[in-house]
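Visitor: One letter stands for each residue in the lines below.
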Amino acid sequence: MSNLDAVLQILSWSLIISGSFFVVVGAIGMLRFPDFWARLHAASVTESGGVILLLAGMCIQAGFTLITVKLMIIGLFLFITGPTSTHAVANAALVSGLRPKSLSTHPNSNGLEDDKR
Amino acid sequence: MIYAFAILAILIAMALVLVRLIKGPTLYDRVLAVNSFGTHTVLLIGVVGFWNGRPDFLDIALLYALINFVGTIAILKFFRYRAIGDVMWTPPQQDEGR
Numbered sequence: 001m002s003n004l005d006a007v008l009q010i011l012s013w014s015l016i017i018s019g020s021f022f023v024v025v026g027a028i029g030m031l032r033f034p035d036f037w038a039r040l041h042a043a044s045v046t047e048s049g050g051v052i053l054l055l056a057g058m059c060i061q062a063g064f065t066l067i068t069v070k071l072m073i074i075g076l077f078l079f080i081t082g083p084t085s086t087h088a089v090a091n092a093a094l095v096s097g098l099r100p101k102s103l104s105t106h107p108n109s110n111g112l113e114d115d116k117r
Numbered sequence: 118m119i120y121a122f123a124i125l126a127i128l129i130a131m132a133l134v135l136v137r138l139i140k141g142p143t144l145y146d147r148v149l150a151v152n153s154f155g156t157h158t159v160l161l162i163g164v165v166g167f168w169n170g171r172p173d174f175l176d177i178a179l180l181y182a183l184i185n186f187v188g189t190i191a192i193l194k195f196f197r198y199r200a201i202g203d204v205m206w207t208p209p210q211q212d213e214g215r
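Here the protein sequences come in this chain order: F and H.
Note that this note's numbering numbers the first sequence so that position 45 is 45, with each residue one more than the last.
Note that this note's numbering numbers the second sequence so that position 84 is 201, with each residue one more than the last.
The hints are simulated quantities; they were obtained by calculation from the structure and are not laboratory data.
As the structure is a computational prediction, the values presented were derived from the model and not from experiment.
Check before you lean on any hint, since a few could be wrong.
Restraint ranges, calculated between C-beta atoms of paired labels, are given here [what the hints assert, rightly or not]: (1) Asn91/F / Asp203/H: 16 to 22 Å; (2) Trp168/H / Leu4/F: 20 to 26 Å; (3) Leu180/H / Lys101/F: 20 to 26 Å.
We put the beta carbon where it would ideally sit given N, CA and C, even for glycine.
Construct the entire structure; sequences and hints are all you get.
Guide: Written as C-alpha cells, this is what we have:
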C-alpha cells in the first residue's frame, strides 16, 4: 500500500509543479505579449491549464474527503467562468473599437493609439 | 515542501500580472489583469490552506471565485453602459472606455 501512496505522491507533485509552471508561463505571457488580443491567450493558459492542474494535484493530496468535493466545485466553477469572463472582456474590447495590430485598416491605428491618452 | 514551491510560483505570477495591471495601456488590459489576479488569488488561498494543513479555506476560495466573476462582469457592464443597474439600450460608442 505504501507503494501506491508513493505513486500518488509523485503524481500529485508532478501535477502541482506543472500547474505552477503553467501559472508562471501565463503571467509572463501576459506581461510580455505585444497586444491585448495576444494577452487574452496568455490569460487563458493560466485560467485553464494552471487551475486544473493545481486543483487536480491538490485533489490527489486530499484523498476521498469533502475537501476533494470543494476542490472539484471550485475547478468546475473556474472552468466555466474563466472562458466566460475572457469572452466578455474580448467582446467589450471589440465593441469599443479595439482591433488587433495586424488587422488594423486605419493607417494610424496600429493598436497603440491608446498610449497617447 | 511542494506547496511552498506552488505558493512561490503563484506569488511571482501575481507580481507579473500586477505589473501588467499598472502599466496596461487600455482599459481591457486592466480588466483582464484584474480577472487573472482574482484567479491567482483563488489558487493562492487554496494552496495556502493546504500548506497550513487547514484546507478549510477552500470555502473562502470558492466565494472569491464567485465575487471575481461577478465583479468582472459588473466592471464591463459599467464601462459599456455607464450604469450598473437597469439601463435602456444605447448604441455602443466607438471611442469610449479606453
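Visitor: Determine for every hint whether it applies to the structure shown.
Guide: Quick rundown of the hints versus the structure:
Between asparagine 91/F and aspartate 203/H the Cβ separation comes to about 20 Å, which falls inside the hinted range of 16 to 22 Å. Remark: the range hint 20 to 26 Å for tryptophan 168/H to leucine 4/F is upheld by a beta-carbon distance near 24 Å. Range check, leucine 180/H to lysine 101/F: about 38 Å between beta-carbon atoms, so the 20 to 26 Å window is missed.
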